[in-house]
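J.: On the provided structure of chain S, position chain X as indicated by the hints.
Here the protein sequences line up with chains S and X, keeping their order.
In terms of our numbering, the first sequence has 322 at position 322, counting the first letter as 1, and numbering is strictly consecutive.
In terms of our numbering, the second sequence has 479 at position 479, counting the first letter as 1, and numbering is strictly consecutive.
Just so you know, these hints were derived from the structure itself, not from any lab.
From a predicted model like this one, the values you see are computed outputs, not experimental measurements.
Backbone N, C-alpha and C define an ideal beta-carbon position, used for all residues, glycine too.
All clues given are correct.
Not close to chain S: a few residues of chain X, all C-beta gaps over 10 angstroms, as computed:
| id | residue |
| --- | --- |
| 1 | ARG231 |
| 2 | GLU240 |
| 3 | LYS320 |
| 4 | VAL489 |
Some chain X residues close to chain S (C-beta under 7 angstroms, calculated; not the full set):
| id | residue |
| --- | --- |
| 5 | THR338 |
| 6 | ILE341 |
| 7 | THR355 |
| 8 | LEU357 |
| 9 | CYS358 |
| 10 | GLU360 |
| 11 | LEU361 |
| 12 | LEU369 |
| 13 | PRO370 |
| 14 | LEU372 |
| 15 | ILE380 |
| 16 | ILE381 |
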Amino acid sequence: MSQTREIKFKDLFMSLERVISRGKLVRQLLPFGSLILIISILSALKPDTFLTTDNFLNVLRRSSVNGIIAVGMTAIIISGGIDLSVGSMMALAGMVGAWVMIVSPDWIGGGANPQGAALVFGTFVGIFTGLACGTLNGVFITKLALPPFIVTLGTMSTFRGISYVMNAGKPYNVPHYKYLNEAVVLGLPISVLIFAIIITLAGLLLRYSRLGRYTYAIGSNRVAAFHAGVNVDAYLIRIYALTGLVVGIAAMIATSRAVSAQPTAGITLELDIIAAVVIGGASLSGGRGTIIGTLIGTLLISFLRNGCTLLGISTNVQLIVIGAIIIVAVAVDQLARSKAAVGQTE
Amino acid sequence: MIATAPKNRLSGTEIALHMRKISKRFGPVQALSEVSITIRRGTVHALVGENGAGKSTLMKILAGVYQPDSGSIEINGKPQILSKPGEAIAAGISMIYQELDLAERLTVAENVLLGMEPSGRLPFAISHKKMIAQTTKLAQRFNFKIDPTAVVEELPMGACQIVEILKALMRNASIIVMDEPTSSLSESEAAMLFEAVRALREQGLSIIYISHRLEEIVGLADETSVLRDGRMVHSGPMAELDIPKIVHYMVGRELKDFFPTGVPQASCPAIRVRVRNLSSANGIEDISFDIRAGEIVGMAGLIGAGRTQVARALFGIDRKTSGTIELDGRKLQINSPTDAIANDIAFLTEDRKRTGLCLELPCSWNITLPNLVAIGMKNIIKPGRENKIVTNIARRLSIKWSGPQAPVDSLSGGNQQKILIARWLLAQSKFMIFDEPTRGIDVGAKKEIYGLLRELAAEGKAILFISSELPELFAISDRIAVMRRGRLVADVNPKKTTAEQVMHLAALVSAKAEAVAGVEAAQ
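Okay, chain S solo, but in the shape it has when bound (with noise of 0.2 angstroms):
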């Protein structure tokens, strides 16, 4: 009886010295507990002002916009590739949108200050011109054979430039378009609830998904899948795509937060989403990454900008910490990684 006990705890103690020396735990709980981190630091620094129902819901309505594209970047780059263009897609379909709000004819509520369905018509246009830009990065990336970072990297300033030029430089005014920034549903602000939304959705798709499934294949071994009968192309076309819709969407709810879409948009946008998707454990080598790690990692960023904020630290010296963190991140998680590798030979 004694003995069977032993030798069961003998076997417990055993998978836990593995799982612990192949990393996965540390890997996995990393993120997670330096955002438990972050916050409970916060909240014993600035009780009054951190610790507050209101502070949280701010933080995670400014979270939602980077948060959105995130979830893009975080398939592409488990995909194997990269996206530059997201920060100027998004001030495109931004620009796109309520240009369309305003030069909608009258009778829907177009003009000056577009109001009523035009917004709707402008915000659906809008979101279209985030998966025509992205599906035009697809298209790019596998009909020309071309390297994603050298595609976003072109894109990224002709869409810029689109958006200058549309305007000779100025933002369009849609004072009226303010529902997506100001509605509440279900006590949460809606844009936090889109966020959610996608978030989960995005979630299932990569785990549930035969997109999912393939995205994971492609990003791990491009060859190995295409000669496992994986038509990467139209995959990879479809990845690059869905990053365009959820692009739209972030832009509509920037417009919508700022009243104006401003062809300056998300200036380096792009670093801070893919900040977020590699601090939440994924690689850019392809092949491994999560949602729920991008999402941790999105929310890392922004509690930490949102505290150091809170506790009077510049904008500029928050630049110099977030440096840090990613590169501690990574590092981290190389070594755990290593580690594992050790672990796992033979």
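T.: Coordinates of chain X only, in the frame set by chain S:
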């Protein structure tokens, strides 16, 4: 295969290396338990064992990559602690891994002297003249024929091995470990490598030679050590051993019926696969052959003869420039692997790491990858059912894993191969192409794969079996198609042909040889 028998002139009574009672544990796995091995100076010492027997672990300990949990190492009589690879190299130990470790864009001389370049006249400059001279001198000492100015990526695999050896020699290696050096070499390149190994032995170096190809070892090794399940089960002079004995030590049982005896059926069922005038942009011309249901057609040929290219064209990877493929009388339009799979064709690649597996992904994902639609998961994946399907098929192939979610790269080579085979079993294809299915896997797994091939044939599948190992081709195939320089030159009956005749057909030759072989040339 290997010409000369070992000269039993163990110049080595002097001991070059003594590893004593080495133990190593990885988590719950005891990889090595009290393994001792003695390597004499001026000898070739073969190290054999099934995959996972502990060969790599033992050698990585010798290379300073791993630290043993207990045990000691003596090099030239001096106790040594090798706590990192640099210390092992300093102690005169050089490893030549299966995947070569060369800078492909650099020349032979630059590789040989990498990190120890002789300085030139100007400060910080290096002298290419001296590099070439030093490399040439070293190569001449061992009678290696190699051009020091050649760029490595343009060299054949066999020459790359020589570069690795030169690199080791330049660093004053006295013990060179070679891990499966011939696995990607052609027969003639292998012969060249064996010459090089003998030259090293003549000069008093010790070679630890790891190989799955036991025929090689018989011709080359002076002594042989056999590992099984992390223990040294035998270590002694080669003169006292032969292949059956080695196999016996390796697997701990006799492999009397190494090849399945299941006689291919005499009856003539319908032609399942009909290939006519197949040519591809990748250098194969005018290939025509038939495979009947339940038939295994072996495909022989030298490396570069275009065997894999035939498979790639059939499977829609390479663009066809002409030709038709029919399956059960139906003409197929195949322009991509997607088309091929949809038309019940399977292709087991020879290069499982590069073109077969997604290494960091779970085993189950790798197995179901081309089959998601076929198992009814076109849109939504049901992990529970997926695991069940995969576990069943893994049981049939006796795959050793910690579970269907284990990443493929945590498995041994043989089990990785079985994951790929499981993938194509699940696809239930009618026409299966196996390209070198037994490469780099151990004896036990090989035997299982032979049995499986015959089993699949018995189920009525048409099988194209590409292999560079003639014994297995002869044992398994109902017919053997021989490729030479992109063409199918003969189609022979293995019962009426000898391995020598097939080699002749593959390697050269005159019309006379073809007449001797008594073959009807293929269409």
